[in-house]
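Given the coordinates of chain A, work out where chain B should sit on it, guided by the hints.
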Amino acid sequence: MPAISRAEVARVAALARIALDEAELDRLAGQLDSIVEAVRTVGQVAADDVPATSHPIALVNVFRPDQVHPSLSVEEALQSAPAREADQFKVPRILGEEP
Amino acid sequence: MSDLTRLSAAAMAELLAKGESSSVELTQAHLDRIEAVDGAVHAFLRTLPEVALAEARAADQARAAGEDLPALAGVPIAVKDVLATKGLATTCGSRILENWIPAYDATVVRKLRQARLPILGKTNMDEFAMGSSTEHSAYGPTHNPWDLERIPGGSGGGSAAAVGAFEAPLALGSDTGGSIRQPAAVTGTVGVKPTYGAVSRYGLVAMASSLDQVGPVARNVLDTAMLHAVIAGHDPKDMTSLNEPVPAVVEAARLGLAGDVKGLRVGIVRELGGEGFGQGVLGRFAEALRLLEDLGATTLEVSCPSFSSALGAYYLIMPSEASSNLARFDSIRYGLRVRPENGPATAESVMAATRAAGFGPEVKRRIILGTYALSAGYYDAYYGSAQKVRTLIQRDFENAWQDVDVLVSPTSPTTAFKLGEKLDDPLAMYLADVATIPVNLAGVPGISVPCGLAEDGLPVGFQIVAPARADAFLYQVGGALEAALVERWGGPLLERAPALPEGGRR
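Protein chains in written order, with the working numbering: chain A, -5 to 93; chain B, 904 to 1409.
Same shape as in the complex, but just chain A (with noise of 0.2 Å):
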């Protein structure tokens, strides 16, 4: 049995916003099955009582002065839109059709 099988990948390139055809996702199915299969014994390495650490060197509460800063003018954060209408960034519907 497959670590992870073509339906699965499909179901989550989905989640991840990816449209994959049939050909590209027979590929990615072969090459992420020998890949999750390989990162598999991670799983195996630590023991329960191994804290995790999500960052290498953990800093605690990084704060900055509540001070105005200039940012992006309008102008600016619109430049490289792919569409916009007057001052905002156009995006397609966000609805699909009905069942």
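Hints in this document: simulated from the structure, not taken from any laboratory.
Heads up, a few of these hints could be off.
Below are the DSSO-like pairs computed for lysine-lysine, each with C-alpha atoms no more than 30 Å apart in a straight line [to be verified]: (1) LYS1140(B) x LYS989(B); (2) LYS1267(B) x LYS989(B); (3) LYS989(B) x LYS84(A); (4) LYS1267(B) x LYS84(A); (5) LYS84(A) x LYS1140(B); (6) LYS1267(B) x LYS1321(B); (7) LYS1014(B) x LYS1140(B); (8) LYS921(B) x LYS1014(B); (9) LYS1325(B) x LYS1267(B).
Same frame as chain A, but now just chain B:
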């Protein structure tokens, strides 16, 4: 005068200080060199002749006006295309950012401008810094200056090849699992991954935020240290930036170059040197160790048992963080937007079509792997377990520092492989970073210094790793090793690289 490009950055700075050359002359010499050889090497995605020459003129004028200038003022530099440059395209080697013009400078780029280093251009890289060969660039691979049919390492193959081919004396890179050090190793150049947080990540397009670090790339240890001093330091715009003084890296490099490593304890990592490491790599590594012993350093073998799990942990943590970071490429605020061929064009379907068209295969692999590792039901088994391994690796380093000042190993297990050789076998490609990855997981600093040529005539890298915040040690030990090796060779290793064909199409 094309000879200028063969000088060290320190020597260029000295010429400028003495008024024996100008920044315009130096910058033009490098632009000419790029024009001549980059058709063959393809280290650059874009050159910026007008920008660089304007910055060079400004540096010359500041000098003429008697301004107190930083040491490297006027010396040109190349910048990896993962760093945002205001008003200048920044693609990260990806189609999805083909037309992105950042509205701001990365902090390190701002520091370069403040220190008046003209920016020659943006260097090639694996897409979003994901790769060990620069073959995953959407704009074609970079070629190794030592053998144009071989990889220059990655992801920062462009920056390493640019300095190796004398197209720039200095470059900036970024290192998540070895992207500065492994290219340095396979191109016979020097590269440093500083302590995590020592250099600002603001404006570095993020891959894996808990691993990414910006660092210097050059042809020798002193130049690397001088660039390190320019870019390091606290940045309030990066919440992970260390609010601490910059270590005296330039002084440490000079100390090392004078041969001062007496009494330094050097640990050889037992787990990094066995299976999978080439004979030529191990041979040069052993010879370099003997040189350090001759200089008065003591060496002993140290075991880091958890390093054998580092690669596995890395290939869970890195894709997980990358999948989250790259979610920003949603076709809304910047970058490519592609409408799906079939079905309604909703925000969701447009995003999926855009990412399908805009991302290359390695980026897709890693995003999907990371999404999988973070998804419900798998989080504890994968991401959670990998973070525990990270703790074990940090403990291995902590234990080692009880006995030694630095740890050493070959930087990469092999010399440069052929272009295309590992492109269809991601797991084989990942092994190129087996010795560099533990360093990122622990956040400690590491350097790669050339230590000779293997039997195949290709460069071998010597990696030195120091405790967090002890970046100066890298330069001291690296400088001592370089000085001893250069004396033995009768000149820098790069002098033995073959002449590059000129006049190829860029």
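Hints, verified against the model:
1. LYS1140(B) x LYS989(B): The hint holds at about 16 Å.
2. LYS1267(B) x LYS989(B): Holds - the C-alpha atoms of LYS989(B) and LYS1267(B) are around 28 Å apart, at most 30 Å.
3. LYS989(B) x LYS84(A): holds (24 Å)
4. LYS1267(B) x LYS84(A): holds (26 Å)
5. LYS84(A) x LYS1140(B): Holds, at roughly 29 Å.
6. LYS1267(B) x LYS1321(B): Distance of about 24 Å is within 30 Å: holds.
7. LYS1014(B) x LYS1140(B): Roughly 13 Å separates the two Cα atoms, so the pair holds.
8. LYS921(B) x LYS1014(B): holds (24 Å)
9. LYS1325(B) x LYS1267(B): It holds: about 17 Å lies between the C-alpha atoms, which stays within 30 Å.
In this structure, none of the earlier numbered hints is contradicted; all agree with it.
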